[in-house]
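J.: Residues per chain are reported as follows:
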Amino acid sequence: GAGVSQSPSNKVTEKGKDVELRCDPISGHTALYWYRQRLGQGLEFLIYFQGNSAPDKSGLPSDRFSAERTGESVSTLTIQRTQQEDSAVYLCASSQVARTNYEQYFGPGTRLTVT
Amino acid sequence: KNQVEQSPQSLIILEGKNCTLQCNYTVSPFSNLRWYKQDTGRGPVSLTIMTFSENTKSNGRYTATLDADTKQSSLHITASQLSDSASYICVVTSYSGAGSYQLTFGKGTKLSVIP
Numbered sequence: 001g002a003g004v005s006q007s008p009s010n011k012v013t014e015k016g017k018d019v020e021l022r023c024d025p026i027s028g029h030t031a032l033y034w035y036r037q038r039l040g041q042g043l044e045f046l047i048y049f050q051g052n053s054a055p056d057k058s059g060l061p062s063d064r065f066s067a068e069r070t071g072e073s074v075s076t077l078t079i080q081r082t083q084q085e086d087s088a089v090y091l092c093a094s095s096q097v098a099r100t101n102y103e104q105y106f107g108p109g110t111r112l113t114v115t
Numbered sequence: 001k002n003q004v005e006q007s008p009q010s011l012i013i014l015e016g017k018n019c020t021l022q023c024n025y026t027v028s029p030f031s032n033l034r035w036y037k038q039d040t041g042r043g044p045v046s047l048t049i050m051t052f053s054e055n056t057k058s059n060g061r062y063t064a065t066l067d068a069d070t071k072q073s074s075l076h077i078t079a080s081q082l083s084d085s086a087s088y089i090c091v092v093t094s095y096s097g098a099g100s101y102q103l104t105f106g107k108g109t110k111l112s113v114i115p
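As you go down the protein sequences, you meet chains R and Y in turn.
Counting from 1, one number per residue, gives the positions in the first sequence under the working numbering.
Counting from 1, one number per residue, gives the positions in the second sequence under the working numbering.
Any given hint could be a false lead.
To be verified - Simulated coverage check for chain Y against chain R, where a stretch passes if three residues somewhere in it have a Cβ under 8 Å from a Cβ of chain R: (1) 38-50; (2) 103-110.
Said to hold, decoys possible - Computed cross-link-like contacts, DSSO-like style, restricted to lysine-lysine with a CA-CA straight-line distance of at most 27 Å: (3) K11(R) / K107(Y); (4) K57(R) / K15(R); (5) K57(R) / K11(R); (6) K71(Y) / K107(Y); (7) K107(Y) / K17(Y); (8) K1(Y) / K107(Y); (9) K107(Y) / K57(Y); (10) K57(R) / K107(Y); (11) K57(R) / K1(Y); (12) K110(Y) / K17(Y); (13) K17(Y) / K57(Y); (14) K110(Y) / K11(R).
Derived by calculation from the structure, the hints in this document are not laboratory data.
C-beta: ideal position from N, C-alpha, C; glycine also.
For reference, chain R alone in the conformation it holds in the complex:
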């Protein structure tokens, strides 16, 4: 079946502009995660959605970052007033949260470059 998809695959934007990144999770997966991966660095957790529960936003680095998810479908990560430090690959993952040994399936990521 289809995996996690993300769009766009690449985005170049000017400093100060807003960007929206999209994630389509695997159908039926109740949990959705956003991560940031800077060049040569590990993954940084940003935000976690689980069903209709309030999202865990503890990883968002500033109030310029926000994310939405409607039900158990598409999610959008929005970065306002982008800065050069926001340049990174943004990865989305989804999973079925049934037990602690859930499997996260990752999308290919969106490479964001802020000039």
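Dock chain Y against chain R, hints included.
T.: Only chain Y this time, still in chain R's reference frame:
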């Protein structure tokens, strides 16, 4: 603070040779440890997952070990192939109850297999 440290940062080996990657963690309470393979430009893909009671698990030419007492894990790759060139990421999950999970990612080991 939960941390996952991986070594070496990068590794170059000849095709056909074996190698071992290391992961040390300070994560509590421990739930499971997972090794991911991330090809360039792709999202991470899970290789193995181990819980507290498991000390070894294999997936083809990949064998992971876990020593929960010393909080160390290793990933051994046997008879390496060019397609093994990737970043290998160690991820430790902690579960603090009431559906609250935290994933701590290592920065990864970049493996290059050369002919």
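J.: Tell me the numbers of any earlier hints that the structure contravenes, in ascending order.
T.: As far as the earlier hints go, not one is violated by this structure.
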